[in-house]
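Colleague: Starting from the known structure of chain A, fit chain B onto it as the hints suggest.
Number of protein chains: 2
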Amino acid sequence: MAKLTPLLQQLIEALRVLPGVGPKSAQRMAFQLLERNRSGGARLGTALVAAMEGIGQCQQCRTFSEHSLCAICSDVKRQQADVLCVVGSAADQLAIEHTGQFQGRYFVLMGYLSPLDGVGPAELGLDALAAQLAQGKLTELILATNPTVEGEATAFYIAELCQKYGCKVTRLAQGLPFGGELEYIDGTTLAHAFSGRKSF
Amino acid sequence: MAKLTPLLQQLIEALRVLPGVGPKSAQRMAFQLLERNRSGGARLGTALVAAMEGIGQCQQCRTFSEHSLCAICSDVKRQQADVLCVVGSAADQLAIEHTGQFQGRYFVLMGYLSPLDGVGPAELGLDALAAQLAQGKLTELILATNPTVEGEATAFYIAELCQKYGCKVTRLAQGLPFGGELEYIDGTTLAHAFSGRKSF
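Chains as they are written, first to last, in full-length UniProt numbering: chain A, 1 to 200; chain B, 1 to 200.
The set of hints was computed from the structure by calculation and includes no laboratory data. Misleading hints may appear alongside valid ones.
Note: identical chains are not told apart, hence a pair may lie in one copy or across any two.
Claimed, not checked - Mimicking BS3-like on lysine-lysine, the simulated pairs with C-alpha atoms at most 30 Å apart in a straight line are:
hint : residue 1 : residue 2
1    : K24       : K3
2    : K198      : K3
3    : K198      : K77
4    : K77       : K3
5    : K164      : K3
6    : K24       : K168
Extracted from the complex, chain A is given alone in its bound form:
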């Protein structure tokens, strides 16, 4: 068996925490950094340590933030927004931000209800969401949870919460994805598109 120098062996094993990186890719990454880009590798190391230790959650919307309020929550224009968009993860929030369609505020659940995994309303910060609803300033809450079983269940739970506070609730439209072909689209999606059809 090959005897790699201990630091190299540790690096290859550590690289495997990255999604989609198996033993061969990890080895390739380690050699490439050592041979061609040591400064980039060291920079990545420092960035990782700083991010893992320094990034917490926004006190208001729960997204990743190194300050007590994230950039969106501390934006004066958006602070006055009366529409709140509830998403499952920071990546979902980013995807919606990229569309440029939404100017309101977010609430990031950082997961979905999953009693078997011990994820209940408290873990998703739904008490903080209820507190925001109780202030009575919101005119609409948009449920932008994943169209999956967990996402739907969580959406139902939050919709009930909104009813209690008399806040209007909407959810993202379900239907055909842009560029999709009817022939290859799954039955459930097609059924949703049919039942949700609009006048032309």
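Modeller: Just chain B, lined up with the frame of chain A:
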């Protein structure tokens, strides 16, 4: 445009030094580490910094090592070996070690001759290789360079060096790869396999 927290933005940019990692994968990696494996991410960061700063080269064979002699060069059994295998990179050395066929020592060039890129004999440590040849203890030098133009050119150069010191030189066989199909093998490889045919 989305406003990511600065540390997260820096992490996503830093992750792109890894081979095969574009903006989308980098984002996915960053979110995955933050959401699910902060301790693994921090460990990776520490391992990267330690490896980039701590790993140098073995004084004898030039492979990656954090000590002055690598594990193979400091192995008493292999120190006495009179066969030296010359490879282009530490990854190539690892591949040969994995076959378990070779018990001698290595010399890792860490590149190939490439005058246009400023890589000459000195950059590949060929003076150190000549010094080992001059000791007269080697009975065979195996050229295990890549079967590419640069690899061949470097092999020729080293073969001439060996002639000067009267050391026997061999090189890895070229021919059909195991599991390959004649129909799909390129002409040069097939020609090599033909000219290098052996009695059955």
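Colleague: None of the hints should be skipped; say for each whether it holds.
Modeller: Going down the list of hints, with the structure as the test:
Taking the shortest Cα distances, K24 and K3 sit within 30 Å of each other inside one copy (16 Å), while across copies they are farther apart (35 Å). Within a single copy, K198 and K3 get their C-alpha atoms no closer than 66 Å, and across copies no closer than 34 Å, so neither meets the 30 Å cut-off. For the homomeric pair K198 and K77, neither the shortest alpha-carbon distance inside one copy (33 Å) nor that between copies (80 Å) is at most 30 Å. Within a single copy, K77 and K3 get their C-alpha atoms only as close as 59 Å, which misses the 30 Å cut-off; across copies the closest is 14 Å, which meets it.
For a Cα distance limit of 30 Å, the shortest separation of K164 from K3 qualifies neither inside one copy, at 64 Å, nor across copies, at 33 Å. In the homo-oligomer, the alpha carbons of K24 and K168 never lie at most 30 Å apart, since the shortest distance is 52 Å inside one protomer and 34 Å across protomers.
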